[in-house]
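Chains as they are written, first to last, in this note's numbering: chain A, 13 to 281; chain B, 13 to 281; chain C, 13 to 281; chain D, 13 to 281.
It is worth saying that the hints were derived from the structure and are not from the lab.
Yeah, the Cβ is synthetic: ideal placement off N, Cα and C, and Gly gets one too.
Treat the hints with caution; some may be incorrect.
Facing chain D, a subset of chain B residues (Cβ under 10 Å, in silico) [as the list claims (entries may be wrong)]: (1) I25; (2) D31; (3) A278.
Not everything, but these chain C residues come out facing chain D in the computed CB check (under 7 Å) [what the hints assert, rightly or not]: (4) I25; (5) G46; (6) L48; (7) L75; (8) V76; (9) V105; (10) S114; (11) Y150; (12) A156; (13) R168; (14) R174; (15) V178; (16) A228; (17) A239; (18) S246; (19) A256.
Chain C stretches covered by chain B per the calculated footprint, using a threshold of three residues with CB under 8 Å from any CB of chain B [claimed, not checked]: (20) 52-66; (21) 88-100.
There are 4 protein chains.
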Amino acid sequence: MKIGKATQPHTAICTSNADTIVVRGADLCRDLIGHLSFTEYFHFLLTGRRASPAAVAVLDATLVAIAEHGLVPSVQASRMTLAASPEVLQGAVAAGILGCGSVILGASENAGQLFHQVQARAAGQDLDAAAAAVLGEYVAAGRAIPGYGHPQHKARDPRVARLFEVAAEQGIDLRYVRIAEALERAIAPALGKDLRLNVSAAIPAVLLGIGFPLQALKGVPILARTAGLIAHLSEELQSSIGFALSYQASRSVRYDGELPEGFEPAPGH
Amino acid sequence: MKIGKATQPHTAICTSNADTIVVRGADLCRDLIGHLSFTEYFHFLLTGRRASPAAVAVLDATLVAIAEHGLVPSVQASRMTLAASPEVLQGAVAAGILGCGSVILGASENAGQLFHQVQARAAGQDLDAAAAAVLGEYVAAGRAIPGYGHPQHKARDPRVARLFEVAAEQGIDLRYVRIAEALERAIAPALGKDLRLNVSAAIPAVLLGIGFPLQALKGVPILARTAGLIAHLSEELQSSIGFALSYQASRSVRYDGELPEGFEPAPGH
Amino acid sequence: MKIGKATQPHTAICTSNADTIVVRGADLCRDLIGHLSFTEYFHFLLTGRRASPAAVAVLDATLVAIAEHGLVPSVQASRMTLAASPEVLQGAVAAGILGCGSVILGASENAGQLFHQVQARAAGQDLDAAAAAVLGEYVAAGRAIPGYGHPQHKARDPRVARLFEVAAEQGIDLRYVRIAEALERAIAPALGKDLRLNVSAAIPAVLLGIGFPLQALKGVPILARTAGLIAHLSEELQSSIGFALSYQASRSVRYDGELPEGFEPAPGH
Amino acid sequence: MKIGKATQPHTAICTSNADTIVVRGADLCRDLIGHLSFTEYFHFLLTGRRASPAAVAVLDATLVAIAEHGLVPSVQASRMTLAASPEVLQGAVAAGILGCGSVILGASENAGQLFHQVQARAAGQDLDAAAAAVLGEYVAAGRAIPGYGHPQHKARDPRVARLFEVAAEQGIDLRYVRIAEALERAIAPALGKDLRLNVSAAIPAVLLGIGFPLQALKGVPILARTAGLIAHLSEELQSSIGFALSYQASRSVRYDGELPEGFEPAPGH
Numbered sequence: 013m014k015i016g017k018a019t020q021p022h023t024a025i026c027t028s029n030a031d032t033i034v035v036r037g038a039d040l041c042r043d044l045i046g047h048l049s050f051t052e053y054f055h056f057l058l059t060g061r062r063a064s065p066a067a068v069a070v071l072d073a074t075l076v077a078i079a080e081h082g083l084v085p086s087v088q089a090s091r092m093t094l095a096a097s098p099e100v101l102q103g104a105v106a107a108g109i110l111g112c113g114s115v116i117l118g119a120s121e122n123a124g125q126l127f128h129q130v131q132a133r134a135a136g137q138d139l140d141a142a143a144a145a146v147l148g149e150y151v152a153a154g155r156a157i158p159g160y161g162h163p164q165h166k167a168r169d170p171r172v173a174r175l176f177e178v179a180a181e182q183g184i185d186l187r188y189v190r191i192a193e194a195l196e197r198a199i200a201p202a203l204g205k206d207l208r209l210n211v212s213a214a215i216p217a218v219l220l221g222i223g224f225p226l227q228a229l230k231g232v233p234i235l236a237r238t239a240g241l242i243a244h245l246s247e248e249l250q251s252s253i254g255f256a257l258s259y260q261a262s263r264s265v266r267y268d269g270e271l272p273e274g275f276e277p278a279p280g281h
Numbered sequence: 013m014k015i016g017k018a019t020q021p022h023t024a025i026c027t028s029n030a031d032t033i034v035v036r037g038a039d040l041c042r043d044l045i046g047h048l049s050f051t052e053y054f055h056f057l058l059t060g061r062r063a064s065p066a067a068v069a070v071l072d073a074t075l076v077a078i079a080e081h082g083l084v085p086s087v088q089a090s091r092m093t094l095a096a097s098p099e100v101l102q103g104a105v106a107a108g109i110l111g112c113g114s115v116i117l118g119a120s121e122n123a124g125q126l127f128h129q130v131q132a133r134a135a136g137q138d139l140d141a142a143a144a145a146v147l148g149e150y151v152a153a154g155r156a157i158p159g160y161g162h163p164q165h166k167a168r169d170p171r172v173a174r175l176f177e178v179a180a181e182q183g184i185d186l187r188y189v190r191i192a193e194a195l196e197r198a199i200a201p202a203l204g205k206d207l208r209l210n211v212s213a214a215i216p217a218v219l220l221g222i223g224f225p226l227q228a229l230k231g232v233p234i235l236a237r238t239a240g241l242i243a244h245l246s247e248e249l250q251s252s253i254g255f256a257l258s259y260q261a262s263r264s265v266r267y268d269g270e271l272p273e274g275f276e277p278a279p280g281h
Numbered sequence: 013m014k015i016g017k018a019t020q021p022h023t024a025i026c027t028s029n030a031d032t033i034v035v036r037g038a039d040l041c042r043d044l045i046g047h048l049s050f051t052e053y054f055h056f057l058l059t060g061r062r063a064s065p066a067a068v069a070v071l072d073a074t075l076v077a078i079a080e081h082g083l084v085p086s087v088q089a090s091r092m093t094l095a096a097s098p099e100v101l102q103g104a105v106a107a108g109i110l111g112c113g114s115v116i117l118g119a120s121e122n123a124g125q126l127f128h129q130v131q132a133r134a135a136g137q138d139l140d141a142a143a144a145a146v147l148g149e150y151v152a153a154g155r156a157i158p159g160y161g162h163p164q165h166k167a168r169d170p171r172v173a174r175l176f177e178v179a180a181e182q183g184i185d186l187r188y189v190r191i192a193e194a195l196e197r198a199i200a201p202a203l204g205k206d207l208r209l210n211v212s213a214a215i216p217a218v219l220l221g222i223g224f225p226l227q228a229l230k231g232v233p234i235l236a237r238t239a240g241l242i243a244h245l246s247e248e249l250q251s252s253i254g255f256a257l258s259y260q261a262s263r264s265v266r267y268d269g270e271l272p273e274g275f276e277p278a279p280g281h
Numbered sequence: 013m014k015i016g017k018a019t020q021p022h023t024a025i026c027t028s029n030a031d032t033i034v035v036r037g038a039d040l041c042r043d044l045i046g047h048l049s050f051t052e053y054f055h056f057l058l059t060g061r062r063a064s065p066a067a068v069a070v071l072d073a074t075l076v077a078i079a080e081h082g083l084v085p086s087v088q089a090s091r092m093t094l095a096a097s098p099e100v101l102q103g104a105v106a107a108g109i110l111g112c113g114s115v116i117l118g119a120s121e122n123a124g125q126l127f128h129q130v131q132a133r134a135a136g137q138d139l140d141a142a143a144a145a146v147l148g149e150y151v152a153a154g155r156a157i158p159g160y161g162h163p164q165h166k167a168r169d170p171r172v173a174r175l176f177e178v179a180a181e182q183g184i185d186l187r188y189v190r191i192a193e194a195l196e197r198a199i200a201p202a203l204g205k206d207l208r209l210n211v212s213a214a215i216p217a218v219l220l221g222i223g224f225p226l227q228a229l230k231g232v233p234i235l236a237r238t239a240g241l242i243a244h245l246s247e248e249l250q251s252s253i254g255f256a257l258s259y260q261a262s263r264s265v266r267y268d269g270e271l272p273e274g275f276e277p278a279p280g281h
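Pulled out of the complex, with its shape left as it was, chain A reads as follows (with noise of 0.2 Å):
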């Protein structure tokens, strides 16, 4: 085989001599370290461009908002990890991540292209004509709406008002976030269900405000959550839950298959 255009692997990212590391251009240790934020730093890396106070504020906006919400199901699955395996905080980590699905912290990027549609449909024109009809779209294809409704916080999930009123503050491009609420008045006519924005909606609502790159906004929860991982791997450290969280799970659970003659299950289940 021969070393063509697509066998020679390339990067813009990042490259080094026995002295200097350059990063997107600039030199790491001159340049960087001790000049800009770690988030500032995660936008340059990511983008290659450095951002803007307003864009490096609401960017931390979402990155706090997001983290942390307690013992949510990849929380408690790392937490298992790491009490079966107290050595490895990398595996611990690395379990709570593999949770950021679909269902739950990946709405993001399915919410941010939502936004996009309804952009591209809007055109400069009525959003709330082009909210309606993208939807109308989503619900005669059977898809769930990504970003709207939250099992604990039915009014509103508090951190949508929040991240809407940092953005604002800060003087961003405020033409998702009206999206996203075009979407939310259009979703009750449409649906019958009065279903809110949740955060996974606000932060493409904010993000893509600021330019943040569509195609890496799954990268937001993912960061963010690996934080609220460390501080819990930390508690953990300290204080075992993982295998209380998981007798607690199983003394619930029914079984329901066969059972072998005159086995006696065991007491409490």
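Mind docking chains B, C and D on chain A? Use the hints.
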């Protein structure tokens, strides 16, 4: 089984009701989103304490220092995983994080434990003597010295001086920086080779000086690398090199096992 | 929240008391250990039914066929992960399994779904017409045809003929083998290129013939590859090549981003 | 850098050309598919040697013994992960495998190392004395005794007797079974509590008797559990309990951190 102390799970990180999410005693929406940077929030999530501006600057510097160093093995593994499963960003991030092991990024935590031992041994006395004594025990036990030596940066990893500079500028406690340097001086006499401080030792040297918890040190490279991985995976989605990397590596592989009679190796192998 | 239908977990796979472990209604120690092969047990665990000898032979053949194909990307990712974290075998296995995605080993399940569609369309009538019709829909929708074409085995993946031979010898239902071959004949006219059956299509073609559940098809390559990964990781522990693979791949990488003034690339880059 | 011994990757497991896949010197399609069971193939892949029928029977027995034990923590973690990301089977399997750590399934390998030490100490002499001596060293060093004691099966894990029975029936070398039992007798005097053999010790006790490689012991529970995980994940896809498990566990959680003034806990917490 009764529910007792051991089996009732408890946590001090987060709780919530329908309107309010509480993190470490603060109201997430009112007190934290829009007020704390992601780095400040990471510190607060982990420790329950607000970090001083100097501590935040140092923590930011370590996260920026370790987030990215090009197509290292864990990044290659992550990009190969995304190439095989492009719709599963969380799986590729998890694969990359699993490479934060004892040999690569895990050295931060082990170096931190080494510094703690020297600190305990010195007890306010001579650091060089304490460093030599602890080092002697490592050598006698055949243990590797975590955080010293680098395959590419032989002279000294350039991130070390920069991190120490930031620590000095911020006026934090430099005790562990001095311990790290005392160990560096003690290594050549003890080991017969001149291994210099690398970034994995510089990180705990400055973070222990801001009171960062020892058992969470490994979380710093893991969180930082997650940002680097997301940047690489975003590039991978736009221009995939995962299979090209694998192809290039496999071209160099020599098969040294048995062969059935008449087998002709593929051209180029 | 009330505990209702939706919130009480239940399972039909396994229960136990202090003396007896029950799996799918059988006593594990009395009825299964020493009586069933691992492959028979896998089938029983998954379906609750004992497999016929012919079904076991076919399932064994598929597991043997797909377990190993050298230093493919997921094996490289797994060996790099173990090199970085040699004490964490489970982490390296997990990293390797994460590479069983849609592009690589996940094609088995997608091919199985394609065959089911052809079977439903044919409804006892002409398979070639049904295959051409379903294929036409895939082409119209711009969907890839899962399980056809192989980068190395252009003529035809040699595992295909062997799996079909085993299926015929064992006298199982060959309906889905015929569907797979009807699709193979239909591809050249429909796509204008002659993509031949690969192992990822041959596996569902024979497994659907033993009544293996469609939604568990992806489990077959995952289980099989776990065996291959363990063999590679055992070799890696004795003679590590994880970093050498990464080094060889990185030698070929071209950096095409910006550079700071005066930066001299490392020799060989 | 020159390509030398250290940097040229090599493997003795598999190579291929366009027509033939070679595994451990055999032609995969001609010699292995349809001729070896998956268990025989796993042994061959790992060691390069064909296993005797007795060795296969014992290896099958261990894989069947350890594959499944209900909704243990790693299975719960895996099902929660699939519930969050139902289209990513490989991610949920990976999360489950990450729970095969030192505390849970990793004990097999550690028990095997313990048996090796007793075997070396005995050197053909009295096993009870050697067992007591090695055990004394573990106790003196504060090390846990891997493979003894079980939270549910207090009397003795029922899988132990069955595995030893299969080993005796198959006529394999029972040396390590005797070592495991000598340790069991020595534990009550040494530790003051009567910890009985569990399945994680029985597995190496019989596998070392068939010459199974010590450094690959951990692969046996990992491979076996992958089969159990696939069965659970197939059930999860048909009837999801992942979130119900998490909900049940979280009902029992007590928040013991600080609260902002006026915060009212959610009902039931």
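Cross-check of the supplied hints:
A hinted interface residue such as B:I25 counts as satisfied when its beta carbon comes closer than 10 Å to some beta carbon of chain D; here the least separation is about 7 Å, so the hint holds. Evaluation of the B:D31 hint against chain D yields a held restraint, the C-beta minimum of about 9 Å falling below 10 Å. Interface restraint check for B:A278: the shortest CB-CB distance to chain D comes to about 4 Å, inside 10 Å, so the restraint holds. For the restraint placing C:I25 at the interface with chain D, the shortest Cβ-Cβ distance is roughly 6 Å, inside the 7 Å limit, so the hint holds.
About 4 Å separates the beta-carbon of C:G46 from the nearest beta-carbon of chain D, less than 7 Å, and the hint is met. Taking 7 Å as the C-beta cut-off, the interface hint given for C:L48 holds, the closest approach to chain D being about 6 Å. Checking C:L75 against chain D by beta carbon gives a least distance of about 4 Å; that is within 7 Å, so the hint holds. Against a cut-off of 7 Å between C-beta atoms, the interface hint on C:V76 holds, since the closest Cβ of chain D lies about 5 Å away.
Evaluation of the C:V105 hint against chain D yields a held restraint, the C-beta minimum of about 6 Å falling below 7 Å. Taking 7 Å as the C-beta cut-off, the interface hint given for C:S114 is violated, the closest approach to chain D being about 9 Å. Annotation: interface hint on C:Y150 violated; nearest CB of chain D at approximately 19 Å, more than 7 Å. Checking C:A156 against chain D: minimum C-beta separation of about 16 Å lies over 7 Å; hint violated.
A distance limit of 7 Å between C-beta atoms decides the matter here; for C:R168 the minimum to chain D is near 9 Å, and the interface restraint is violated. For C:R174, the interface hint holds, since its Cβ comes within 7 Å of a Cβ in chain D; the closest pair sits about 4 Å apart. The restraint placing C:V178 at the interface with chain D holds, with a minimum CB-CB distance near 4 Å, inside the 7 Å limit. Interface restraint check: C:A228 against chain D, minimum CB-CB distance 4 Å, threshold 7 Å, status holds.
For C:A239, the suggested interface contact is upheld, since its CB lies about 4 Å from the closest CB of chain D, less than 7 Å. Proximity of C:S246 to chain D holds as hinted, the smallest CB-CB distance being about 4 Å (cut-off 7 Å). Below 7 Å, beta-carbon pairs count as interface contacts, and C:A256 has one with chain D at about 4 Å; its hint therefore holds. As drawn, the segment 52-66 of chain C meets chain B at 0 residues by the rule of a beta-carbon pair under 8 Å; below three, the given contact is violated.
Judged by the Cβ-Cβ criterion of 8 Å, the segment 88-100 of chain C is covered by chain B as claimed, because 11 of its residues qualify and three suffice.
Hints 10, 11, 12, 13, 20 from the list above are not met by this structure, while the remaining hints are.
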